[in-house]
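J.: If you want the building blocks of each chain, they are given just below.
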Amino acid sequence: MSTLALPTVDEEIWRYSRIGELNLDQFELGKVSTKIDASSQAKQCVSSATNVAPRNATDIFEDLNVRNAQLTAISVAKNQVIADPIIITHSLDKSGVVVYPRLVIDAHENSEVTIVERFISGNGVSSLIVPVVDVRAAQSARVTYVAINELGNATWQIGYQQAVGQRDSMMKLFTVALGGDYARVRAEVRLEGQGANSQQVALYFADSTQMHDFRTLQDHAAPRTHSSLLFKGAVKDTAKSVYTGLIRIRENATKSEAFQTNRNLTLSHGAWAESVPNLEIETNDVKCSHASTVGPVDDDQRFYLESRGIMPDIAERLVVLGFFGEVLDRLPAVPFIADLRERVSTKLLGDSN
Amino acid sequence: MTTLEIKNLAVAVGGSQILSDVSLTIKSGEVHAVMGPNGAGKSTLSAALMGKPGYVVTGGSVTLDGVDMLALPTWQRATAGLHLIMQYPTEIPGVMLQDAMSAALDTRNQDSNHLKKIIETEAKRIGFDPELVMRSVNVDFSGGEKKRSETLQLAVLQPKIAILDELDSGLDIDALRDCAQRVEDATLETNLGVLVITHYSRLFEQLKPDFVHILTNGRIVKSAGPELADELEVTGYAAYL
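As given, the protein sequences belong to chains X and B, one line each in that order. According to the numbering used here, the residues represented by the first sequence are 2 to 354, in order. According to the numbering used here, the residues represented by the second sequence are -16 to 224, in order.
A few of these clues could be false.
[Unchecked claim] Residues from chain X shown here face chain B by an in silico Cβ test under 10 angstroms; the list is partial: (1) S127; (2) L306; (3) L319; (4) V320; (5) V321; (6) L322; (7) F324; (8) L329; (9) L332; (10) V335; (11) F337.
[Claimed, not checked] Far from chain X, some chain B residues (derived; all Cβ distances over 12 angstroms): (12) T(-14); (13) A(-7); (14) K10; (15) K35; (16) G42; (17) G49; (18) L53; (19) T62; (20) D82; (21) A83; (22) R91; (23) E105; (24) S152; (25) D157; (26) E172; (27) N174.
Simulated from the structure, these hints should not be mistaken for laboratory data. Backbone N, C-alpha and C define an ideal beta-carbon position, used for all residues, glycine too.
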């Protein structure tokens, strides 16, 4: 149990969320089944019980995760390069449970690793998953992390990603969210070492009554750090999405660059997307930009394709797949990326209106 | 033999009447040039013929071999045989030109198996880099590449009637010559009928008009043979305003 209280939508970080619908007491503590696919070289790096530094919980969910974590720890030694991606699959097939997977990625100096974490549950599985991932990239380490939400239509997710980069490190953090009833990720990057670099890229697509909710932070705490963020989402039917993102440049983070782009397509009249970018800059001599858009498929693009004799629904599918292509093309070469494109396409074809 | 018949067409945009009375009959193999100064309503004519959203037809009719085009959505006007080459072709990030053409052939129940081969042949004819079909539609294309791409699509889709909206804007002379020549060839090879909208006669060196119409203030004020274009070259539109 946690001594902390459930948050409310009065807190800025929970604004627009569906937290008010949650009754934690309806879930009992459960276990998520976790499968790890990795080369034999990579398997050496994985354990389920190491001395993981404790984590400061910002709210009840992180606190409960610390207390109940099902831990997967990946530690990549100095100068070690893991060629093949490590694929972690969490599956949940029981209703009425809450599970707390926790992943810790420690990439030591000048190491390199790619990790894919998939979250899967069947349709109708009414449970709550509270995943927490900590990425720590030491000096010059290169970490690629991909989170894929393939949860069923009744599952809730309240997730946390925290990535900390040291000097000259490179962190690429991808999120693909297709599933869940209410699926939220708070994705935070802190660049602590001079010259640290981060990229956050996400694709989210909600239909029916789904809601996707993202809160991002690009926190620059050292000079000459560089962050970029590209989040692209679509909502269909009566689905909703929220993106709020903050770029924070601390006083010592001179000559830093931070870019943030959030683009949303609303594919049905009943769908709703919110996008709130924010900047908090405490020093001069930095380069920052943010861009945010919410709107339907561009009329001119649709007209162009239709004027070639392409039917409206196919034209729309082409444009939306093209819109997401920018994100899909950046994903690392993992076996099921082609599936993801297909799943987006299938979602587009589903009954609408 | 195909006939596009535009009768007394009136079109409003954003509440203002842009075209008030336009009548033209274009038959297979013919080239009709509609010329006029900026703001005459030339681009409105092409947009309205293709059914672009925002262009409201307030009167008149448009038929293709007797079929009411105004009753059809844009895509069906295209499959019926109309094709629009746009003045400013739209960029569509992430949609490969080849995929768009393949989807366009699908609606026409045409086999797209040979598409690659056809594209290669057609690209060569107009000096288009065939690698560009693997890129997003019009994204980062130069002015010349855009118009060559538009012409390539026309050649692949083989419409009955082509509407060329200022084919000659934003491209160099070489590209213009290649594109105009390809359209001229189509009038002979596939009996394409052409409505070419322009305010310069430069492209008539390759694409020879059979008829020239002057459009000012939303109506056709004069129709004649190709000699009218030569006259305009000397006197301008002043006499017709």
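J.: Each hint needs a verdict: does it hold in this structure or not?
T.: Evaluation of the provided hints:
1. With its C-beta approaching chain B no nearer than about 36 angstroms, S127(X) sits outside the 10 angstroms limit, and its interface hint is violated.
2. Evaluation of the L306(X) hint against chain B yields a held restraint, the C-beta minimum of about 6 angstroms falling below 10 angstroms.
3. At about 5 angstroms, the closest approach between the beta carbon of L319(X) and any beta carbon in chain B falls short of 10 angstroms, and the interface hint on this residue holds.
4. A least Cβ separation of about 6 angstroms between V320(X) and chain B falls short of the 10 angstroms threshold, and the interface hint therefore holds.
5. Interface restraint check for V321(X): the shortest CB-CB distance to chain B comes to about 9 angstroms, inside 10 angstroms, so the restraint holds.
6. A distance limit of 10 angstroms between C-beta atoms decides the matter here; for L322(X) the minimum to chain B is near 7 angstroms, and the interface restraint holds.
7. Nearest Cβ of chain B to the Cβ of F324(X): about 6 angstroms, under the 10 angstroms cut. The hint holds.
8. Below 10 angstroms, beta-carbon pairs count as interface contacts, and L329(X) has one with chain B at about 9 angstroms; its hint therefore holds.
9. Look at L332(X): its Cβ only gets to about 14 angstroms from chain B, farther than 10 angstroms, so that hint breaks.
10. Annotation: V335(X) was flagged as interfacial toward chain B, and the flag is violated, the nearest CB pair being 20 angstroms apart, outside 10 angstroms.
11. For F337(X), the shortest C-beta to C-beta distance to chain B is roughly 20 angstroms, which exceeds 10 angstroms, and the interface hint is violated.
12. Chain X leaves T(-14)(B) outside its interface by the beta-carbon criterion, the shortest separation being 20 angstroms against a cut-off of 12 angstroms.
13. The claim that A(-7)(B) lies off the interface holds: its Cβ sits roughly 21 angstroms from the closest Cβ of chain X, which is beyond the 12 angstroms cut-off.
14. Every CB of chain X lies more than 12 angstroms from the CB of K10(B), the least distance being 22 angstroms, so the non-interface label holds.
15. Not every beta carbon of chain X lies more than 12 angstroms from that of K35(B), the smallest distance being close to 5 angstroms; the non-interface claim is violated.
16. Consistency note on G42(B): stated as away from chain X, and its beta-carbon is indeed over 12 angstroms from all of that chain's, at 23 angstroms minimum.
17. With a cut of 12 angstroms on Cβ distances, G49(B) stays outside the contact zone with chain X, its closest approach being about 20 angstroms.
18. The Cβ of L53(B) sits about 15 angstroms from the closest Cβ of chain X, beyond the 12 angstroms cut-off, so the non-interface label holds.
19. Not every CB of chain X is more than 12 angstroms from the CB of T62(B) (nearest about 4 angstroms), against its label as outside the interface.
20. Not every beta carbon of chain X lies more than 12 angstroms from that of D82(B), the smallest distance being close to 7 angstroms; the non-interface claim is violated.
21. Its beta-carbon lying about 6 angstroms from the closest one in chain X, A83(B) breaks the requirement of being farther than 12 angstroms from that chain.
22. The claim that R91(B) is not at the interface with chain X is violated, since a C-beta of that chain comes within 12 angstroms of its own (minimum 6 angstroms).
23. Distance to chain X confirms E105(B) as a non-interface residue, since its nearest Cβ pair spans about 15 angstroms, more than 12 angstroms.
24. Remark: the non-interface label on S152(B) is consistent with the geometry, its nearest Cβ contact in chain X lying 17 angstroms away (cut-off 12 angstroms).
25. With a closest Cβ-Cβ approach of about 25 angstroms to chain X, D157(B) is found to remain outside the 12 angstroms limit, as its non-interface label requires.
26. Look at E172(B): its CB is around 20 angstroms from the nearest CB on chain X, clear of 12 angstroms, so calling it non-interface holds up.
27. Its beta-carbon lying about 19 angstroms from the closest one in chain X, N174(B) satisfies the requirement of being farther than 12 angstroms from that chain.
Checked against the numbered hints given earlier, this structure breaks hints 1, 9, 10, 11, 15, 19, 20, 21, 22; the rest are met.
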